[in-house]
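Chains as they are written, first to last, in the UniProt record's numbering: chain A, 1 to 193; chain B, 1 to 193.
Check each hint, because a few of them may be wrong.
If chains are identical, the list can't say which one is meant, so a pair holds when it fits in one copy or spans any two.
What the hints assert, rightly or not - EDC-like mimics (lysine to aspartate or glutamate), calculated; alpha carbons at most 16 Å apart, straight line:
hint: 1; residue 1: Lys-21; residue 2: Glu-44
hint: 2; residue 1: Lys-15; residue 2: Glu-3
hint: 3; residue 1: Lys-102; residue 2: Glu-185
hint: 4; residue 1: Lys-21; residue 2: Asp-89
hint: 5; residue 1: Lys-112; residue 2: Glu-3
hint: 6; residue 1: Lys-113; residue 2: Asp-180
hint: 7; residue 1: Lys-82; residue 2: Glu-58
hint: 8; residue 1: Lys-49; residue 2: Asp-74
hint: 9; residue 1: Lys-2; residue 2: Asp-89
hint: 10; residue 1: Lys-113; residue 2: Asp-143
hint: 11; residue 1: Lys-112; residue 2: Glu-169
For the record, the hints were derived by calculation from the structure and aren't laboratory data.
Protein chains: 2
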Amino acid sequence: MKELEERIAREGTVKPGNVLKVDAFLNHQCDVALFNAMGAAWAEHFAGKTITKILTIEASGIGIACIAAQHFGDVPVVFAKKAQSINLDGDQYVTRVFSFTKQKEFPVIVSKKFLNAGDHILIIDDFLANGQALAGLIELCEDAGATVEGIGIAIEKGFQGGGDGLRAEGYDLDSLAIIDSMDAETGTVAFRA
Amino acid sequence: MKELEERIAREGTVKPGNVLKVDAFLNHQCDVALFNAMGAAWAEHFAGKTITKILTIEASGIGIACIAAQHFGDVPVVFAKKAQSINLDGDQYVTRVFSFTKQKEFPVIVSKKFLNAGDHILIIDDFLANGQALAGLIELCEDAGATVEGIGIAIEKGFQGGGDGLRAEGYDLDSLAIIDSMDAETGTVAFRA
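Construct the entire structure; sequences and hints are all you get.
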C-alpha cells in the first residue's frame with residue numbers, strides 16, 4: 001500500500017537491532033485517516049470472504065482493528081489481553097508466546113464468550129516480525145474451533161520470516177507494507193516489490 | 001446517553017467490590033457502532049471547542065478514542081503507555097498513578113514529541129472511578145503546556161467521586177453514563193438522572 005510505505009519512508013525511524021519506530025502515526029500517535037485507508041485496503045483484499053469478527057491483541061492493534069471493522073460492516077472487534085485482570089473472569093482461551101522485542105514470555109488471553117466455533121475471524125495487528133503473537137492468536141482461534149479467514153498486517157518485517165511461514169502454511173495474509181531490509185546507519189528502508 | 005445506559009443494563013454484570021463488567025461491548029469485545037454513537041455524543045457536547053488532539057491511555061481507551069476522532073475531523077489520537085518499551089525513546093512526559101482496581105502503581109508515559117504547548121486536548125477514556133489515571137493524563141498535559149479542553153468518559157462510577165472532583169476543579173467532563181449505585185446481589189445498576 002503506497003500511502004503506508006510513503007509514511008514509513010518519511011516518518012519512520014530505523015534504530016539499531018532492526019527496530020523500526022513508527023510512533024508518529026501507528027503505535028503511539030495514531031493517524032485515523034491512514035487507519036481508514038488501511039481498513040479499505042483490507043476490505044478490498046478480503047472482499048470474497050465472510051468475516052464475522054476481527055481479533056487483535058492489545059495495545060497497538062486495537063485502534064487499527066476498530067477503524068478497520070467499519071469496512072467490514074461494523075463486525076465486533078475482540079482484543080486479546082496480555083495479562084490477567086479483574087475484568088477477565090470465567091472460562092478463557094489462554095496461550096503463552098515469547099516476544100523477541102521484549103525478550104520475555106507473555107500470556108495471550110481471550111474470554112471463551114467472545115470466540116466461538118461459528119466465527120469467521122480476520123486477525124489484524126500493527127506489526128508482524130517472527131510471528132509469535134500471531135501464532136498465539138491463531139492457536140486461540142483453533143482452540144475455539146473458529147475459522148481464520150485471513151490476517152491483515154500493517155507492517156511486516158519480511159526479513160524475519162514470520163510472514164512467509166504463515167503464507168507457506170496457507171494463510172491468506174495481507175501485509176500492507178513488507179520490509180525486505182532496513183539500515184540504521186543510513187536510515188533507509190527497502191520494501192518488497 | 002440512553003443507548004449506553006441500555007447496553008450496561010442489558011449486558012453489563014455487577015460483581016462484588018463495585019466491579020462492573022462491560023467486556024461484551026466496551027473493553028474486551030468492542031462494539032464499533034456503539035463507539036461511533038459515543039463519538040457523536042461527545043462531538044455534540046464539545047461542539048464549541050477547538051480540539052487538536054485526543055489523548056487516551058492504553059489499552060481500552062484506544063478503540064473508543066480512534067473511533068471518536070472521526071467525529072473531530074480525524075485529529076491525531078495519542079495513547080499514553082503504561083510501561084517503558086523499546087518503542088519509547090527520547091524525551092518523555094512521565095508520571096506515576098495508583099490503580100485501586102489493580103492495587104498497584106503504574107507509570108503513565110507520553111513522548112514529548114506528541115504533546116505540545118499549542119495542543120488543545122480532549123481526553124477520552126472508557127472508565128472514570130477515582131480518577132487517578134485521568135489525573136495522570138491531565139498532569140502530562142500541564143507538563144507540556146497543552147490545554148485540556150474537555151474530558152469524555154464512557155462510564156463514570158459517580159459514587160467513587162473522581163468525576164465530581166474534576167467538575168469542582170472546573171473541567172468540562174462529559175460522562176455518557178454515570179452510575180450512582182450498583183448492587184452485586186440483585187445485579188442492578190442505578191444511573192444518575
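A quick look at each hint next to the structure:
{"no.": "1", "hint": "Lys-21 with Glu-44", "in the structure": "neither (27 Å within a copy, 35 Å between copies)"}
{"no.": "2", "hint": "Lys-15 with Glu-3", "in the structure": "neither (22 Å within a copy, 46 Å between copies)"}
{"no.": "3", "hint": "Lys-102 with Glu-185", "in the structure": "neither (23 Å within a copy, 42 Å between copies)"}
{"no.": "4", "hint": "Lys-21 with Asp-89", "in the structure": "between (35 Å within a copy, 10 Å between copies)"}
{"no.": "5", "hint": "Lys-112 with Glu-3", "in the structure": "neither (37 Å within a copy, 26 Å between copies)"}
{"no.": "6", "hint": "Lys-113 with Asp-180", "in the structure": "neither (39 Å within a copy, 28 Å between copies)"}
{"no.": "7", "hint": "Lys-82 with Glu-58", "in the structure": "both (7 Å within a copy, 12 Å between copies)"}
{"no.": "8", "hint": "Lys-49 with Asp-74", "in the structure": "within (15 Å within a copy, 29 Å between copies)"}
{"no.": "9", "hint": "Lys-2 with Asp-89", "in the structure": "neither (42 Å within a copy, 27 Å between copies)"}
{"no.": "10", "hint": "Lys-113 with Asp-143", "in the structure": "within (13 Å within a copy, 42 Å between copies)"}
{"no.": "11", "hint": "Lys-112 with Glu-169", "in the structure": "neither (26 Å within a copy, 42 Å between copies)"}
The earlier numbered hints that this structure contradicts are 1, 2, 3, 5, 6, 9, 11.
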